[in-house]
Structure formats: C-alpha cells, structure tokens
Amino acid sequence: MAEIELQTVVKTFPNGVRAVDGVDLTIEDGEFMVLVGPSGCGKTTLLRCIAGLEEVTDGAILIAGRDVTDVDPKHRDIAMVFQNYALYPHMSVHRNIAFGLKVRRTPRNEIAARISDTARLLGLEDLMDRRPLALSGGQRQRVAMGRAIARRPLVYLMDEPLSNLDAKLRVRVRADLARLHAQLGVTTVYVTHDQVEAMTLGQRAAVMNAGKIQQVDTPQGLYWSPVNLFVAAFIGSPSMNLVEADVADGALRFAGFSLPLAALGADAAKLPERVILGVRPEHFAEVEDGRSPAWSIEGDVTVEENLGVEVLVFFPVDAPPVETDEIVSIREAEEDALLVQEARALFTARLPSGRRQLIGKKIRLALDPERCYFFDPVTGESLLARSAADELVPATV
Amino acid sequence: MTVAAEAAPVRRRRRRTPMQFALRRALDALVLVLAVVFLAPIVWGFLGSLREVYAGLTGPAIPSPAHWDNYSYAWSGEFAFSHYLWNTVVLTLIATVPAVMTSALAGYAFARLRARGRNTFFIFVLGTTFIPVAVVFIPFFWVVVKLGMYSTRWPWLIWGISGSAYLIFLFRQFYASFPTELDDAAAIDGCGHLRTFLHVYLPNSAAPLAVAFMLLGTGWWGEYIYATLLLPDQLVPLGVKINVGYYDPGQQFTLVPVTLAASILFMLPPILAFFALQKKLARGIVTTGVKG
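Same order as they appear, the protein sequences are chains F and U.
Residue numbering for the first sequence follows this note's numbering, starting at 1 and increasing by one per position.
Residue numbering for the second sequence follows this note's numbering, starting at 1 and increasing by one per position.
Read the hints as simulated data drawn from the structure, not as lab findings.
Here a beta-carbon is modelled for each residue, glycine too, at the ideal position from N, C-alpha and C.
Restraint-style ranges between C-beta atoms, simulated for each label pair:
no.	chain 1	residue 1	chain 2	residue 2	range
1	U	M19	F	D126	55 to 61 Å
2	U	V89	F	R179	58 to 64 Å
3	F	D117	U	T128	52 to 58 Å
4	F	E55	U	F130	34 to 40 Å
5	F	E55	U	T128	31 to 37 Å
6	F	V103	U	G148	41 to 47 Å
7	F	N164	U	P203	20 to 26 Å
8	U	R16	F	G360	51 to 57 Å
9	U	L147	F	S136	56 to 62 Å
Sequences and hints are given; from them, build the entire structure.
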C-alpha cells in the first residue's frame, strides 16, 4: 500500500510567501494524481514537500501510513523525475541509472538485473554507454524515467517532465507514460501547468491556485462540474467564455441579449441578481439562417482559426471582460498577449469546419441552458450543479 | 516577364572608423610590448644558460657553440638537484592538494548550504584576502615555533588544510551556477551533502580545479620566504638552493650559466602543466568569471 496522505500541509518561505496553504489531499495506492495550476500556484512546492526537498512549515505527510514529515528524502522511498531531467552529466546512462541503487548498497547482481529490465522496458539498451550530453531530449527523458523505475520505489513524483520536449514528442511520451503507469501500477504524483496533460494522464487531478486546492476530481468532473470560477476558467481549451449578467424580470441579461430564465426550470430561482455566466466554446451551436432560438446570441466574427476538423471563431460581445482575481491569476500565468486587451469581452466558439468563411460576417449561436454555468461574482463559487452530458452538442440548430 | 531571383543579402563586416582602427593597433602594440617584457628574462636566462661555464653575466647574446652540458652539470653537480626538486614537489603537493579540496568543499558549502549568517561569514572569509602577507608574517612564525613545527613541513600541510579564500570564492562562483536539480536528484538518490559534493559536484569541476591547481601550485612551487625562514637545508625547495647559485670553490667563481640552466629546469614543470591544462584553464576562467 503506498497511499499518500497530506494533512493540512503548509509551506511558508522565509520571505513570508505562503506557497502551500493548508492542503488536505489523499492519493490512493496506485493512483495517478495530477497537480495542475498556473505558474506560482504552489504545485511544485507541494510536490517538493512530498519529496522532502522542502521542509513543511505545518501539517503532516504520510506515505504508506508512515509519517514522513520530518524524514529525509532518501528515507521516504520515493523517486523523482525532474523538469530538466537532472541527469548527472559526468556519468553514462548506465551509471546514472545505477547510482541511486549503489548509494543504497543494493547487491551488484540485483543492480545489473534491474538496469537490464529498465533498459529493455524503455528501449535504452543501445544508449547505456552514452553520456547525457550525447542524448536527445526524448532520450534524456527516458533515462530520467529509467533512473526512477530502476529504484522500484513506493511513489513516483514527476515535476513537469514533458515540458522540455517538442509538441509532437510530448504527445507520444504522454501516451507512453500512461501505458507505463498502467503496467507498473505505482502511486504517481505528476505536476504540470498543462491542462491537456492533466486531463489525459490523471486518474484524478487537483487544481491549485494561490497555494490551495480548488477542486480534486476526475478529468471529466473538472470539465463538467467545476466548483468555482477558477476551475471553470482554467480547465478547457480554449477557455470558457465568461461574462457578467443581470438576472431581472425573468430573464438573464448581458451585452444587450436577454435570455428567458424559464428555460432553466427550478434552477432559475437559485440565481442572485448578478451572476457570471460561463459558456464553453464547444457548447455553442450555429443557428441556421432565418431561425432565432430564445437562448441565442449574435456577434461579428473578427478572427477565424480553421483547425481542419473544426473552426474557432472569435467575436466580441458588448460587455466588459470578467476581471476577477481568479481570472487575473490565470492570465498572469499566460504569456504576454501581442495586442492590448479589448475593452469588450471576446467570445470564442468551436464549430464544425466547413467550406464557408465566417470572418467579417455576423453569426448567430445557440446556447444550451443545461450547459451554461453560473458563478457568484463575489465568491466565484458555482451556483448551479452541472453534470457530464452524454449527447453531443448539435452542430446547427 | 522573367523575374530575377533576389540576391541573397551579403553580410558585411562593420567598417571600423580610423579612430577605432588606430586604437586597435595601439592595443595590439601594447600587448606585444607586455609579452616582450614578460618573455625577455626567460629568453635571456635560456640564452645565458648556454654560454661557456665561466662566462659570467657577459658574453655574446646567442652563444656559439651552445653549451648544453651546463644542464647536465646543473642536474648532477654541486648539490643533489633531484633531492631538492623532490622537496619542492612534496611541499607544493601538501600545500596545494588539500587547499584545493577544502576550498572546493567550502565553496560548495557557501553556494549550497542554507545556514544562518552564511553570507556574512562568506564576506568575512573574502575579507581575509585583503590582509597583507607582511602583517601575518611574524605572528605566523611565532605560532609555528610555539607549536613545535619549526624545521618541519607541517606548516605547509596546515596552510593546505586551511584552504584559500580566493579559491573558496572561485569555487563558490562556479557551484552557484550548478542547476539545483542536481542536488535534489542526489538527495532523492540517497546522498548527503558530502556525497553529493564528492560524487556530483567534484567530478564536474575539472575547469575550476585546473585553475585552482595552477594558481596555487605555481605559487607554492616558487615559494621562497617561508621556506628560507622555516626549513632546514635538507628540506628546502629547489628555488632556495638555486638562489644561492652554483659555485666553483677552486676558481672562487659563481657559475652563472649553470645557475641559469638550473633555473630553466626549475621553471619547466609549471610551464608544462600550464600547457597540459591550457584548455581547461581557459574554460575555468570563463565559467568562474575569474581572471587569472
């Protein structure tokens, strides 16, 4: 059993920054748990606390039922894969993998057997005499994995191990990692800022912001039932469209649109006077000419990105963009935009690709009330429960 | 209509202004003059070592014939050259090897260990480099005598174990640029600080090690004052003996060419070491930001 239990873990740095702020989390034996969040959210610090590379200010960490809060990294029975691989530059691949075993005084024949197994598993047989400098990024990544695997620890800790790979290789290695975890079944904690990695790799993912866990759930749970505005805005690519709306006179009003609340049924009564409305880009459906469903909005397409199978259309709506602390923290983590942000909120819709060109044209899009999210503008909490939908959104209405 | 392919843009070297050109030439000339100033005594000594054995300080600039036998005489005559050469090697090694090792270890500690007052202590260590040798000369002599180390090689070993503030600075700068993930990986692999230093840091320190060995080694190889003051004749290094010079008691004449030949032989090991380590030295000077 290699369950990991984090009990109200706090990490405050000497400069006063509270990087991890009372995290409670239980990672089941054999589970693949992803810690995901924007840069500076505390996910790597939390991973380093689990590894013992950072001293915990308060709280406790248990691995396989043993309190390891004050135990040195070498006695925690963990292995770690680092973002830049951290291979010893002066050692061959063979020595890199064997080093940890030698330090632990593993018998020589046992070391040879483990290295041989690991090399076979990861296809490293031909690289064993090479030094890290003579390896490609992908090969180094495999060696770093090999070093962890050969140790046969209770827990694997991975700190953004794919971030230095190019996009194509990342997709391949991601699949390999999933396969490897299925094969080895070792408890794994994986840190990433990439939500695609979080969604594809994690059996569960913990979304973090400002040192706190916002939500722990399966990837589907995070996508379909975000508990707050931060999770809703962070999970999903492109991000959820957000706009402030008024609830008045039996209608939801924003940017000059008025959507009848009757469509929400009994849920309508739960909404306060002011809400933040969220719509995922893939939950829009194009409205055919001449039709005008009650829950639909209109906009002028300013940008069109054709991705082959689908097209992303961007259109401004006549309302200011949502600027809550949560949204700003996500935006700060993103790379600087080329152009100055528009004063109006820019909506994105993901539509099936076709021969038509939408740029510069007016487009009407239908919204499914069951797939609209509502958040409290002050607390950011989700106001209506939403669950995974089985049927696809119709392409057109 | 045909369209001519656009010519590839030619990358032109930026043309220097006459002032820049003149400045560059003046700098070249200055470097050349400095090179001549530093090389002249060595060339003069080498040519002088080939003169006739009783030639003294005078004689043709380029001796003909060249008396190479001065070198065999320097090695075998008057005093046991090889004995004093061995003394020099021993003193240099016991003062240099421990100093480089302890300095590297201290540099690692200053670069990596989190301890209260670390930076203050580092500044204090650096501050010791500003104390002139003359100030500590007599106190040191007194301490050596009181500890019963006079006429022994122990002071050299103690100097060695004490390390060098300058080298500590050099290693600290080098280790501060090491990726901290290597420390983390070593900690996860089961290493403590000492093992991390010995198995991860030290094997990746060829360049600063070369710089440190050369800087300190050449200093101790040619060290004269402390050796004259503290050591008996049978333990003094070669430099002290050569300084006395080769002497023909029959003729009552100092054999300057032989003394010069011995000096050239004495200079050879550091020069050869420099050429052997030249690449690593250049890299070390670049990576540590230390100018030799």
